[in-house]
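Protein sequence lines correspond, in order, to chains A, B, C and D.
For the first sequence, full-length UniProt numbering gives the first residue as 1, with consecutive numbering after it.
For the second sequence, full-length UniProt numbering gives the first residue as 1, with consecutive numbering after it.
For the third sequence, full-length UniProt numbering gives the first residue as 1, with consecutive numbering after it.
For the fourth sequence, full-length UniProt numbering gives the first residue as 1, with consecutive numbering after it.
Note that these hints are calculated values from the structure, not bench results.
None of these values were measured; they are calculated from a predicted model.
Be aware that a few hints might be false.
Under the rule of at most 25 Å between Cα atoms (straight-line distance), these lysine-lysine pairs were calculated in the BS3-like manner [as the list claims (entries may be wrong)]:
no. : chain 1 : residue 1 : chain 2 : residue 2
1   : D       : Lys197    : B       : Lys494
2   : B       : Lys546    : B       : Lys578
3   : B       : Lys599    : B       : Lys587
4   : B       : Lys546    : D       : Lys60
5   : D       : Lys60     : B       : Lys142
6   : C       : Lys96     : A       : Lys30
7   : B       : Lys578    : B       : Lys525
8   : B       : Lys142    : B       : Lys88
Letter by letter, the chains look like this.
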Amino acid sequence: MSQSYNRGLIEDFGRWREFSAGMWAWVFHKFTGWVLVGYLFTHIAVLSTALQSPDAYTTTIRTLESLLVVRIMEVGLLAVAVFHILNGLRLLFVDLGVGLESQDKSFYASLILTGAIVVASVPTFVAGVF
Amino acid sequence: MYEHDVIVVGAGGAGLRAAIAAQEAGADVAIVSKLHPVRSHTGAAEGGINAAIREGDSWEDHAYDTMKGSDYLGDAPAVEALCKESPKETMQLEHWGMAFSREEDGTVSQRPFGGLSFPRTTYAGAETGHQLLHTMYEQLVKRGIQVYDEWYVTRLAVTDEADPEERTCHGVVAYDIQSGEVSGFRARDGVILATGGLGQVYDHTTNAVSNTGDGVAMAYRAGVPIEDMEFIQFHPTTLPSTGVLISEGVRGEGGILYNEDGERFMFEYGYANNAGELASRDVVSRAELTEVNEGRGIEDEYVHLDMRHLGEERILDRLENILHLAEDFEGVDGLEEPMPVKPGQHYAMGGIETDENGETCIDGLYAAGECACASVHGSNRLGGNALPELIVFGKRAGYHAAGREMEDAEIQTGQRGEWERGEVDTPVEPGAVSSGGDVVADGGERTDGSRSSSEPRSDGGAAASGGSSSLTPEGYVERALEAERERIEYLLGKDEGIQQAEIRADVQMSMTRNVNVFREEGGLKQALRDIREARERYEDVYVADKSRTFNTDLVQTIEMQNILDVAEAITLGALARKEFRGAHWRKEAQERRDEEWLKHTMLSWNDGTPELWYRPVILEGESKTYEPKVRSY
Amino acid sequence: MAERYSSFERGGRRWLWQRITAAFLVVVLAFHFFLLHFVHHADEVTFAMSSARMETWTYYSLMVLFLVTATFHGVNGVFNALVNQGLTGSRKTAVKWTLVAASLLLVVQGIRTANAWAGITILPF
Amino acid sequence: MSTQVPEQSEQESSAAESETSVAQEERMRQKRDRAQARERQRQKEESEISPDDEDTYQLKVFRYDPEVAGKQEPRFDDFYVPYHKGMTVLDALMYARDNYDSSLTFRHSCRQAICGSDALFINGRQKLGCKTQLSDLDEPVRVEPLPHAEVVKDLVVDMEHFYDQMHAVEPYFQTNDLPDDELAEQKQSRENREKVKMSTRCIWCAACMSSCNIAAGDNEYLGPAAINKAYRFTMDEREGEDIKQHRMEILEQEHGVWRCQTQFSCSTVCPKDIPLTEHIQELKREAVKSNLKFW
Ligand SMILES: Cc1cc2nc3c(=O)[nH]c(=O)nc-3n(C[C@H](O)[C@H](O)[C@H](O)COP(=O)(O)OP(=O)(O)OC[C@H]3O[C@@H](n4cnc5c(N)ncnc54)[C@H](O)[C@@H]3O)c2cc1C
Ligand code: HEM
Ligand code: SF4
Ligand code: F3S
Ligand code: FES
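Based on the provided sequences and hints, a complete structural model is requested.
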């Protein structure tokens, strides 16, 4: 057909307001997955300071751990990891064909559980930085 | 111009089966359809397909039931062909993978249906038509048969001999709804009409919005007689706002009908003291309308069908889909409140006259499915007999059009000298309006280009004028194409006038008021006057949407003419037939009159002045004659 | 019809491995987090402690396996995501090998670190 | 059931006669009055429908026409439609078209959720117009063409791509063991028919395809409806093992089942309640299983 109106990118991605549970789960899982790979690379980079000398390693870790931002980022990392794990489990069940009818509920459960775990572990994470 | 051996118009069950058969017979076939095939209304059929496939059943019994159900107005050769071939065709569907419901032993399930002496209705849940339609479309995809979908066929390209029986059909003209292109389709071997029902003639119907009787009207105007048009089946329980069917199952399980005053009117007013709500479709429909007409209807429109007393458990178990239908389409919770219902148009028994091979009297023109009348249903169709009709006669028409040898037909088509002429006293002239001026909207124009409307006109350029018979087949298609282009340009060019929606609503209302399950002379005449007036207004019709892209306004405007011609034909037949047979009831004559009326009502367009005549019914079957009996169960 | 799709790739294996690694990671990642943030607090980490753990043969192999699975899982996930977003043709091939290279680098670097802790020097790097 | 039993027609006429009483006339008079009142009401409604009317629904409808000046830039038009109980979005659109603007264009046919022509984007959800009660929606009711499809005009979208995907999975029954007797069926167990039952209900409305973000991003992705169509045959025991293998190969290709990221929107919007995600997931497992066999 020669003439037709293509509503373009906005059409494709501008509908987030209308996303349903499964789509949000997908978006979050993607996001957390990427953050985790990113972290994995940085993590190994930081740890490799051990190759220089034991002391370099210990000081790097100690300095980093004494910074509040790093602690906060760690909490963030925990949130990301916990959500990815929980939703990952949800997806594994979906792949096995278990509980598909309550997929939206299990997504909300992952969210709530993530929140709870993160809040509960904040004290442990920030302990000693102040 | 497009060219194929066989052109099938319409892609419902009948059209798809015809196309597959024509291809099997070696033809290059194409389907032209105003809807994509899977959108066809065959998909709405729920009940099932009658086929004598089991031990203890026989095609003879099926034929007997069908003939009895038809109130002895079916033609035996067609009825017997249907019943003999239905088993094989039904199994063919099964072999194509159709998902029929199954018995424990893996064979297909059958259920009892009204008017059948054996439970021979083969079904697939409550969605037999959907499964049938999709299974056949799948075969179409497999075979790579070409489909021109969303092409609206507007006119047949037929030669213009004075006698319709000498005419030949060379193709069709169609309008591409998506692009606005008008094009000719030349059919080297034949055109098969499979355009389905005509429910949109009424304002309340179980039929789809696209069931506007196009095929019947086009064939009629091209010269093919149309048969038994007055026989329209009404279903007593349809939802008022949409016409969605509420199956007989509700009443079967014990559902009760109440009027506005909460009276169980089937008994209280003695419409059917024995059977009550379970009386036959026509009896219940008439009872409901009597209630409404006498002021006891709810909102003067409908009655209540109540199933609450059956209890939630039983309803959920047996009638769950009914709950969904009432909820989705009427916003009513059947567990909490009674459901509104009223009678709705359901099926047209009549249609394009064909023989049992699907051929019309015009050479190269065939018809199958609901638009055709080989006459298997006579004056009343049995539930479950339409789907087998699609596959049996669709296939026959397909083979025949593609040139496969067929047994000679016993039904003779066309108007023959020896057959009785009919007379009917009409308050206004039926047929084409002959007002002066440049009006192409209402029909064709003379082939010689003159547009003097005082002379008879016809669609498809079939006016008898010398010289043009020398045209080549392509020439005829070309000429029809020109005429159609002109009409479309005219409609789009006109800037003011009246819109089709208004005329359509008026005709539909009048038909529902006057040519419904109740028919009496005064009402029928009123309908004819209304139709006449609508025809006159249609002369001034215009299309407000000027776009060439997906112009549904234009399509509906063209459909409107078909609605007019078909509505008039129904009314003329109803006015002529003074008896009560099958679905046709006349106040003036409330019994069946075999001495006088054991014959088909035939109507020929006759270039704009409809002519009524009668053809005798063929009751002699292969090995027995079906003697008319009282139709009681 | 189906011809359009004649060149198919058996994506099924990678899909399956993504699930298998995920299932493995659930356990190990949880263990990892728990051990390094709750049992031992991160700010108390020293080379010596890490070293002490790594010298245990089982812990060492678990961590290497952890690294390999996480890398596969993460990188494969990223690659899938890009392919799903419409990455095709030569760019796809390029990205694929870049990712493979990056993963190798990561794994090698990770093992070297672990070796440093564990005091293993047999490997050439 | 009869048309010929004489008592019945007598009953009918006697019922009619005895009712021609004073009461009956009174009824008829009331009925005429009511009809007139309704007619007046209707005219009133048509002449002065205003946004604040209690019994009207406001529709915001997407309009676009490549040829008509003023419609080439997409816009939303407001229509105020008088409401009656049971009115669906499709009814409202038809009313607006027949009474206000005959160029308002949308596909529709059956009005009963079986033809699949009127899947629309209604208040942010893919729904069938004919199966959506106005009373279930917040006002104004926003009606748009299906997202992720090219708009032909107003609410009509180009369906070709959807049809291509449906056709790409060899959507027809294939078997090697038909019974020799043309009058005998090829048996199928009840369980098996039950298993494929939901998948056979698809009406090709494309709501699922429109709701799937993956399908939006990858034009070659078969999409939930086509995969479901393939499921219908793959799981049918009447097709043999070799054909199943062949079907799995089609499904496993790059743009096949693996593309699905289990977003579930397809299952959420399907008007026929087909568990699409479940079917896709089952096929993924089938694919893995059949691959394991060859490892
Ligand atoms: C609600 C309902 C339930 C039913 N249940 C049963 C049942 O249980 N058992 C039974 O036996 N029967 C049943 N029937 C009757 C039966 O379904 C129909 O008679 C039958 O499906 C008609 O099929 P068809 O192929 O003739 O037409 P349709 O399926 O209506 O197809 C008509 C085709 O023609 C095309 N077309 C029309 N006009 C044009 C044009 N001008 N140009 C191009 N194309 C055109 C359309 O696009 C469409 O593809 C039922 C009917 C209804 C309405
Ligand atoms: C701990 C348990 C984990 C579980 C259960 C898990 C589960 C999953 C699953 C099931 C997927 C596939 C989603 C899909 O294809 O539909 C996935 C994707 C992904 N995972 Fe994990 N994962 C875990 C840990 C990790 C870790 C440690 C990383 C980082 C290295 C990671 C990075 C990713 C990435 C990048 C993706 C791809 C996301 C995308 O689609 O864009 N995951 N995960
Ligand atoms: S699967 Fe459901 S949503 Fe998708 S096309 Fe079929 S009926 Fe429509
Ligand atoms: S929405 Fe799309 S991602 Fe899968 S579950 Fe449905 S196809
Ligand atoms: S009109 Fe047919 S599905 Fe809605």
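These are the hints, each one checked on the structure:
1. D/Lys197 <-> B/Lys494: violated, 51 Å
2. B/Lys546 <-> B/Lys578: violated, 46 Å
3. B/Lys599 <-> B/Lys587: Holds, at about 20 Å.
4. B/Lys546 <-> D/Lys60: Cα-Cα ~22 Å, so holds.
5. D/Lys60 <-> B/Lys142: violated, 42 Å
6. C/Lys96 <-> A/Lys30: Cα-Cα ~18 Å, so holds.
7. B/Lys578 <-> B/Lys525: holds, 14 Å
8. B/Lys142 <-> B/Lys88: holds, 21 Å
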